[in-house]
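K.L.:
Chain residues, written in single-letter form:
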Amino acid sequence: MSQTFYDEVQEMRARYPDPLSAVLPALQLAQDRHDGWLPEAALREVAEALDLTPAYCLSIASFYDMFHTEPVGRHSVEVCTNVSCAVSGAQQVLEALERELGIGVGETTEDGNVTLRAVECLGGCGWATVVAVDNRHHLHVAARDVPRIVKELGE
Amino acid sequence: MSSAPEVVFAGTDGGAITDLAAYEAVGGLTALRRAREMTPEQIIAELDASSLRGRGGAFFPTGRKWSFVPKPDQNPRPHYLVVNADESEPGTFKDREIMLRVPFRFLEGCLIAARGIESQHVFVYIRGEYEHEWEILVSALEQLREAKLLGGVTIVLHRGAGAYICGEETALLESLEGRRGQPRTKPPFPAIAGLYASPTAVNNVESITTVTPIIEMGGAEYAKLGVEDSTGTRVFSLSGNVVRPGNYELPHGYPLRDLIHEVGGGIADGRTLKAVIPGGSSTPILTASEAEKVTLDFDSLSKAGSAIGSAAVIVLDDRCCMVQLGVRVSQFYEHESCGKCTPCRVGTRWLTHILQKIESGRGTHADLDLLLDVGDRINGTCLCPLGDSDAIAVASYVAKFREEFLQHIEEASCPFHGASSLDGIVAPTDVHEAHVGPHEIHRPLEVVA
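Going down the list, the sequences are from chains A and B.
The letter at position 87 of the first sequence is residue 87 when you use this note's numbering, and the numbering goes up by one with no holes.
The letter at position 432 of the second sequence is residue 432 when you use this note's numbering, and the numbering goes up by one with no holes.
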């Protein structure tokens with residue numbers, strides 16, 4: 001494990017009366033450093049830095065939607081398909097992304113560049129359809145905006 | 001547009017104030033200075049006079065909540081203020097805009113509230129998907145720290161990681177303590193044993209932000225806004241099939257029809273209004289004619305059999321199939337159920353499957369009874385209201401649009417024939433199931449009549 005990761009987690013620990021509270025931020029940091037997902041090595045690093053077991057860290061990671069325990073693409077594209085976005089054309093946006101990327105929902109492009117997901121409400125209902133690209137929210141997205149969004153992701 | 005007074009967004013002129021000097025130029029920090037000369041009891045008395053009630057959805061009186069937190073001499077453990085910024089109720093996007101546009105008014109409210117409950121430690125639990133909002137708060141907090149305005153109070157900005165259930169206060173506390181976000185048994189309530197088993201007040205972002213103008217103008221003055229039992233203003237999140245969706249700060253008691261037709265510009269695409277979900281997806285639906293009559297406050301919506309909830313108004317036009325709406329709403333709760341209580345974990349899945357069966361044209365009259373029966377077996381049987389929310393929402397669609405459900409059954413197909421605004425929408429649960437593997441589990445449950 002790199003010393004800086006360990007040190008950064010110790011700083012996180014110090015923010016809380018109980019070091020266990022640092023498990024979410026530590027997993028977030030570990031995921032950022034492991035290509036956007038949590039392989040066993042990442043869970044071991046978090047466990048060691050917080051005096052936990054890797055199994056405990058996995059039990060946390062598997063509970064929260066933003067942690068991934070399987071490999072993901074370099075970029076993530078997430079389309080909100082909850083009610084307000086759905087009645088404003090979210091399915092058309094999702095299908096345009098499937099066509100443009102050549103993959104289905106929940107899949108990753110063969111070159112490992114993009115993972116496409118349908119997600120629950122992103123809290124942008126008045127700016128439908130909301131598409132989160134690498135956790136940055138694009139608002140008022142329509143199917144016609146999809147080629148531009150995909151182009152910006154590069155190869 | 002309305003000429004209603006703005007309280008939460010006052011001084012922003014439609015924009016954002018993310019610079020401390022600019023905030024002070026519009027009168028920022030006067031409330032904090034005043035609060036620091038007040039005793040905690042005086043602060044709580046102002047809150048009581050304002051009749052502020054929680055803006056997260058439960059509408060519990062904020063002053064009373066704070067008064068439940070024991071005094072330091074009654075309980076020597078550290079006291080905590082935890083702010084619920086885990087906004088995730090479908091339809092709701094107000095706290096996000098508050099953090100973006102008035103981050104200092106929000107943080108000022110945190111410092112005043114901390115004084116009210118005699119706490120030195122504030123934790124803001126912000127949903128993980130709100131990365132930009134988190135950065136805005138980090139910057140605003142740094143500016144306050146540099147200006148030495150924190151007065152010995154530490155504020156920790158803690159990011160969630162994607163779980164609707166963490167908006168439930170005890171699940172939030174579990175998550176903040178580093179565990180899976182699953183609700184606790186109550187009592188004890190957080191005021192007695194909350195974060196780290198210590199006295200804790202948990203408040204919503206909009207409630208905390210509203211504390212600032214209440215101290216500024218005085219509780220009695222604030223109480224003149226709005227209507228009896230629902231004082232003050234509210235940031236209404238308007239979404240769905242309207243011309244101008246968005247957040248609008250209006251006084252409680254504002255007519256729903258005016259929000260939709262005047263503020264919101266009416267129904268989009270020249271369609272007609274079919275139904276309104278008035279307070280986030282957990283609240284019972286209103287028909288178009290009911291929506292004509294109600295005002296946006298606790299009493300009016302309660303009398304109409306619904307609730308003001310998180311003040312998230314979702315407008316649905318005549319293209320919306322009510323069975324499909326039920327499926328999509330139920331899929332959300334099924335996906336977000338934490339799995340702790342069996343009636344919710346299993347029941348939300350059953351509601352989805354029965355609704356899918358009806359939508360597919362294979363449903364029977366017995367399925368409709370079963371749907372309501374499963375809902376009844378969820379209601380009131382769990383530690384938190386997540387499962388109830390699904391059951392109550394779905395039951396309201398059946399109650400208000402029973403003919404449409406019967407049409408699906410009797411015509412053995414969806415009467416919209418592929419033209420519903422929700423047709424074919426893919427939910428995360430659909431995708432998850434496709435990836436479950438070779439097990440039988442991904443086959444829809446067969447409902448035996």
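No lab work stands behind these hints: they were computed from the structure.
No experiment lies behind these values; they were computed from the predicted model shown.
Warning: the hint list may mix true and false statements.
To be verified - Label pairs and their calculated CB-CB ranges:
| id | chain 1 | residue 1 | chain 2 | residue 2 | range |
| --- | --- | --- | --- | --- | --- |
| 1 | B | Asp-73 | A | Ala-41 | 30 to 38 Å |
| 2 | A | Thr-4 | B | Ala-45 | 47 to 55 Å |
| 3 | B | Glu-292 | A | Pro-147 | 37 to 45 Å |
| 4 | A | Glu-48 | B | Pro-76 | 48 to 56 Å |
| 5 | A | Asp-7 | B | Gly-15 | 38 to 46 Å |
| 6 | B | Lys-303 | A | Pro-147 | 46 to 54 Å |
| 7 | B | Arg-377 | A | Tyr-6 | 22 to 30 Å |
| 8 | A | Tyr-6 | B | Asp-73 | 35 to 43 Å |
| 9 | B | Leu-100 | A | Ser-62 | 25 to 33 Å |
| 10 | B | Gly-246 | A | Gly-102 | 30 to 38 Å |
| 11 | B | Ile-192 | A | Asp-32 | 47 to 55 Å |
| 12 | B | His-132 | A | Ser-62 | 46 to 54 Å |
Glycine residues also receive a C-beta, built at the ideal position from the N, C-alpha and C atoms.
K.L.:
Decide, hint by hint, whether the structure agrees.
P.N.:
Hints versus structure:
1. Between Asp-73(B) and Ala-41(A) the beta carbon distance is about 50 Å. The supplied range of 30 to 38 Å is therefore violated.
2. Separation of Thr-4(A) from Ala-45(B) is about 50 Å and conforms to the stated range, judged on CB atoms against 47 to 55 Å.
3. Remark: the range hint 37 to 45 Å for Glu-292(B) to Pro-147(A) is upheld by a beta-carbon distance near 42 Å.
4. Between Glu-48(A) and Pro-76(B) the Cβ separation comes to about 35 Å, which falls outside the hinted range of 48 to 56 Å.
5. The beta-carbon spacing between Asp-7(A) and Gly-15(B), approximately 39 Å, falls within the hinted interval of 38 to 46 Å.
6. Against the hinted window of 46 to 54 Å, the Cβ-Cβ separation of Lys-303(B) and Pro-147(A) comes to about 50 Å, which satisfies the hint.
7. Checked against the hint of 22 to 30 Å, the pair Arg-377(B) and Tyr-6(A) fails, with Cβ atoms roughly 49 Å apart.
8. Tyr-6(A) and Asp-73(B) have their C-beta atoms about 41 Å apart, which keeps the hinted 35 to 43 Å range intact.
9. Between Leu-100(B) and Ser-62(A) the C-beta distance comes to about 31 Å, which sits within the given range of 25 to 33 Å.
10. Gly-246(B) and Gly-102(A) have their C-beta atoms about 35 Å apart, which keeps the hinted 30 to 38 Å range intact.
11. Taken as a hint, the range 47 to 55 Å is violated for the pair Ile-192(B) and Asp-32(A), whose Cβ atoms sit roughly 38 Å apart.
12. Under the hint 46 to 54 Å, the C-beta atoms of His-132(B) and Ser-62(A), about 27 Å apart, miss the expected range.
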